[in-house]
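K.L.:
The listed protein sequences correspond, in order, to chains A and B.
Quick note: the first sequence uses UniProt numbering, first residue 1, plus one each step.
Quick note: the second sequence uses UniProt numbering, first residue 1, plus one each step.
Bear in mind the hints are in silico, worked out from the structure with no lab data behind them.
Virtual Cβ for every residue (Gly too), placed ideally from N, Cα, C.
Be aware that a few hints might be false.
In silico SDA-like cross-links for lysine to any residue, where the CA-CA straight-line distance does not exceed 20 Å [to be verified]: (1) A:Lys3 x B:Glu32; (2) A:Lys15 x B:Leu142; (3) A:Lys3 x B:Ile113; (4) A:Lys257 x A:Asp619; (5) A:Lys287 x A:Gln267; (6) B:Lys75 x A:Phe421; (7) A:Lys3 x B:His137.
According to the in silico footprint, chain B covers these stretches of chain A (three or more CB under 8 Å from chain B) [said to hold, decoys possible]: (8) 335-341; (9) 418-430.
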Amino acid sequence: MFKNYLITAWRNIIKNGMFSVINIAGLALGLMSCILIMLFVREETGFDKWLPDSERIVRMHSAYYVSGNPPFETVRSAGNMMEAIRDYASNEVEEGVRLIHFGATVRKQESALAEQITLVDGSFFNVFDLPFVHGSAQTSFTKPYDLIITEDIAIKYFGKTDVVGEIMTVCCVGPEPSPVPVTGVIKNLPDETHLELGMLAYVDPKIIENNAGLNTWTSVNVYTYFKMRVGTSIQQLQERITYWVNNESPLLDMYLKNVGELAPGAQISDNMKHKLMQLEDLHLKAKQDAGNMGDLTPMGDHNLIVTFTIVACLILLIACINFMNLSTARVSHRAREVAMRKVLGASRSQVVVQFLSEAIALVFISMILALILVELVLPLYNLALGRQLELALFTDLSLIASLLVIGLLIGLGAGIYPAMFLSRFLPADLLRSSKGGESSTASNLRTGLVVVQFATSIALVVCTAVIYGQTLYAQSVDVGYVSDDKLVLNVRAAGDNRDRLKHELLKLPEINSVVFSSEVPTQDNENNNTFTLIDGEHVNGENPSVLLNYHDIGYDFFEAYGVKPIAGRLFSLDFGSDMIQFEGRKEGDKGRANVILNQTAIDKYGFTSAQQAIGKTLDTNMANGHLMTIVGVVPDIYFRSIKFGVRATVYSMNPNRLRVASLSFNTSNVSQLMEKVEQVWKTNVPMQPINLQFLDQMMKAQYAEENIQVKMFSAFSMLAIVIACLGLYGLAAYTTERRTREIGIRKVMGANIKDIVALLVWQFSKPVLMANLIAWPVSVYLMLTWLESFSYRINSLWLLPVCFTVGLALLLLAWITVGGNAAHVAKANPIKALRRD
Amino acid sequence: MLKLHNLSRIYRTDDVETVALNNVNIEIGQGEFVAIMGPSGCGKSTLLNLIGMLDSPSDGQYYFNDEQISGYSEKQLAVIRKHHIGFIFQNFNLIEELTVAENIELALLYHNIPASERKEKVDEVMDMVGIAHRAKHMPSQLSGGQQQRVAVARAVVGNQGLILADEPTGNLDSTHGHEVMEMLRTLNDKGTTIVMVTHSPAHADFANRTINLFDGKVVTESVRAA
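Build out the structure end to end from the sequences listed, making use of the hints.
P.N.:
And the structure:
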């Protein structure tokens, strides 16, 4: 029996070539989109689940809220927190560990390479049970600076993995470049992890004790992880930590001393939050807690995953609608067969099973085609996403199971309506009616489904257009400085040779200027401190204490970036006293220095004009306490991506923090310039790796994620339209075929080709127009909500012309799709049409 | 074999009610060859559809082998159809996607007969109707007469005791029409009950009883002398 079903199905596929191609191609494209998105989603949702006990590991994030200031949020926490909480919540916490990442230099023969070293507590392997290749958690981490490396690092430096006992010269685990013994080698970590670990060093507790940035309750410089005891929930531990913060920790005293009173009824845990997040959630959800101080590895986006899953479902829905529409439209061609099967004794359920089997068979043919398409486009897809996704069809059982389930569900979903529809008629009805059961209900349903298809496609295209527009807008907004023709050179390793390096670089004819700073645009860190306005009348009664973001810059920084003061002056050697001074101060004395503020900072203090701020003094505990005179005000510039907006910022001159050089150049031969800069670097900073980048590339990288999203949205929206148009073409072809007699009669009555084409085109314009009415409000609502997350966004009025244009474009596309076929039929000799019928 | 008692069939649309059959009383015994005649629209095909359980009566009783089947479900009727009734239509109603042999075999598929036995039976009836040399052809490759032979083969392959033929010669020329009628007579001679709708008095003469319908009612019945 089943063979008979398959034979009939196969011959029907062959016989109805065009409809079969449309059905299979549409479904294959839909499935291809779905599989591509599924591969992406599977990888994104699989992060860190491979780690043993991953469900018991949590990370602590910090968020500080000070009235009148933007929230300070980060995935890091203060150095003292881990031990305090581990000891306090010992019933809930099995173990804790801190990770401190820093850039180091590792000698390799006569050269030096930049590496990231992670200092960790000795408890690291009690939390993260990573497999060893050589050594073990018990023997490899026993004393400070014991070094455990991954297989890749071992091979990179020694050409083999059995390197326990070998020495690596590392700068600067200790105070000086030092030989460090390798005590263990762990397996390389899979790609699906947020942990970026190449070299792990056992942190000397003295380092933490002696380092102000680590021995602290508020400065957030470490990543803190806890492994919870079996049976403890994240909520239980969270409650315990909140209780500790409010009742046992020193945080309240520190807040009262440094910031001020809490709001009435508030607790310190409201202002200083310490939030736990499950390890398995980090990749997709850590960003929401990250503020501008996130993880070192690129993290995922939970909302993006949800969005693309919805997009995948919508595309599949469009493809399934094609399938249902074309199947029910072909009812008249199958009616006789169904009738005869029933006449010969087939029950309704047998007819249903037959048509469902056909649908499922068709879906699996499409699935095979889709898998071939996925293999073909995967390299391109990976290139666009910057991933290494694989279709492990023969090894990944869960993937195979997912595809089988998807295939079955689509087959059942798309086939059930045609199956029920065809099987419900009495045989006599089917034999009597030349239409084979075609009814206005079926026709209306098809029209309704076309409306759903096009509404979905239009909404997808509108959303894509808005996302594209917003991304372009964000990248085209005037950032307030000149970013062209600049190289960024990390000069931290140059140390005392920094000025000599600058001198030598300036000798290159291609270099116009070399200016130092703590960061360059795109490298924004969350450096915040409170600055209190101490002299002059308090402006407009505003709070004189403001939390300002601070950057340190060298002389000529603003000049090099084309930023002009709107009041006062820029830093200049002519005034001698701009720089922060560390030398020659008595104990307890405050230093004196000059600062420049941006416009937003001026507004925060309530100055009515930039000029009003000039000469005023700010008191801060920065650099061991300083009184800083405002000597200039500059316009707001976007030190970070436009999506984060502009913060109130103070620019100071701390010579100890000038770690980056901006090189303005005047040549188009950039490769030669880079070679020359590298040569100067090697000469002046020997045995240190160079870190040189183009500023404009760094700026583009800020929007890499958005650009990928736009690419994905565009590609999948286009596919959705192609699939919908395929379906529309099939339906139009079917309709014109069915109306051949009517067209013949109309032509006999005097209708010309234009009339006939207009008649058919109008029939399909109606659902597309109706789809616009549904899609516009839905997409406008969705996009307005989405745009709200951006500080600077395109004018929402643009949504209307976007909707109109997309709607019109889709209507034109529908006309072209339907019109070609209609014109062909309209040109036919009417007598032929009448005779055929 | 079958008995229709006050059987009526009324078709209703929103505004119009059409009485296709009106209180029809007919009895047909085992082994009879009955022709049903009448002008177009008199209800002949409706009557045949009701007898074949392809349609449900609006009123009245229908006894098949002494069983009242008027209230039977679609599933129960399907079971009776596949075991007892074979159909032959004017337009053959062969499934275009299946070959000659597969079309005939279709009638056996729903009987759960093993494949080898099915093949044997199909070969047998193809020989009987003289279509074996066309076994692998598609219906569209056959002449009308050949298609109707296939339809006859399909109707008898399951050893059905009742053949319902709805103008079986309506689409055939006289030669092929005559061939088909001869086949039906042969079947009847072997004991198969045949009920045939026809416009042709000549073909009605093959039957041993003729029922004339007019406006949905039986107006006359005539029995051919032996």
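K.L.:
State the violated hints by number, sorted upward, taking the hints as numbered earlier in the document.
P.N.:
Result: hints 1, 5 break, sorted rising.
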